[in-house]
Amino acid sequence: MLVSGFMIPYDKVLKCEASSTVKEVLNLMMDWHVSCLVIVMGDKPTGVITKTDLCWAYQNAISLNSQIGDIMPWTAGLKKIKSTVDRDTAAKFFEHNKIHHALVVDEYDKEVGLISALDIASEVAKDARAWPWNRHEDGKVHPIAMVGH
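The letter at position 3 of the sequence shown is residue 13 when you use our numbering, and the numbering goes up by one with no holes.
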C-alpha cells in the first residue's frame, strides 16, 4: 500500500498560523482529537506542532499566550515524504528520522497530505486482519494465488 492510499488529504489536515497561541493550538487539538497541527505561514507549511511539543512547552513554563512559532524547533525542519512511497519504506523513514508525523508531497513537492506513525500501524493491522487474503496497492482485498493450483 502506498502512502497516498492511507494519508490524511491535505485539505482535511488541521492547520494553524505560526502566530497562533499555545492556548489556541491546545484547544484545536482537544476539540478535534488530533495529535498535531501543520503550521503555516500564509499558505506555505513550515512545521508540525505536536502534543509532545506542547508537553515540552508546559515543562519549560512557556506561557499559554506565547506564539507557536516561538516554541517550534525550526532547526529540525519539516519532514516530507513522497506520496508514492510504500508503507514499509515510510515506516523506515519515520524510524530513521525519529518522527511521528510527516507532510506528504507529490512529485512536484506540492503538499497532498499528512501521515502519522499511527496511520502506518493501522495499515499494518489491516493487513494482518486480511490474511489469508492480500491487500493490493488499491487498498482492496484479493485472495492470494495458490502455487500449484
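To be clear, the hints were calculated from the coordinates, so they are not data collected in a lab. This structure is a prediction, so every number in the text was calculated from the model and none was measured. A few of these clues could be false.
[As the list claims (entries may be wrong)] Restraint ranges, calculated between C-beta atoms of paired labels, are given here:
{"id": "1", "residue 1": "45", "residue 2": "72", "range": "41 to 47 Å"}
{"id": "2", "residue 1": "108", "residue 2": "76", "range": "20 to 26 Å"}
{"id": "3", "residue 1": "18", "residue 2": "62", "range": "16 to 22 Å"}
[Claimed, not checked] Derived EDC-like pairs (lysine to aspartate or glutamate); straight-line CA-CA distance at most 16 Å:
{"id": "4", "residue 1": "136", "residue 2": "80"}
{"id": "5", "residue 1": "54", "residue 2": "27"}
{"id": "6", "residue 1": "22", "residue 2": "53"}
{"id": "7", "residue 1": "90", "residue 2": "117"}
{"id": "8", "residue 1": "120", "residue 2": "21"}
Heads up, the beta-carbon is just placed ideally off N, CA and C, and yes, glycines get one too.
Here is how each hint holds up against the structure:
1. 45 with 72: 41 to 47 Å: About 19 Å separates the Cβ atoms of residue 45 and residue 72, which means 41 to 47 Å is violated.
2. 108 with 76: 20 to 26 Å: holds, 25 Å
3. 18 with 62: 16 to 22 Å: Between residue 18 and residue 62, where Cβ atoms are some 19 Å apart, the hint holds.
4. 136 with 80: violated, 39 Å
5. 54 with 27: holds, 10 Å
6. 22 with 53: Roughly 14 Å separates the two Cα atoms, so the pair holds.
7. 90 with 117: Judged against 16 Å, a Cα distance of about 12 Å means the pair holds.
8. 120 with 21: Status holds; Cα separation ~12 Å.
Checked against the numbered hints above, the structure breaks hints 1, 4 and satisfies the rest.
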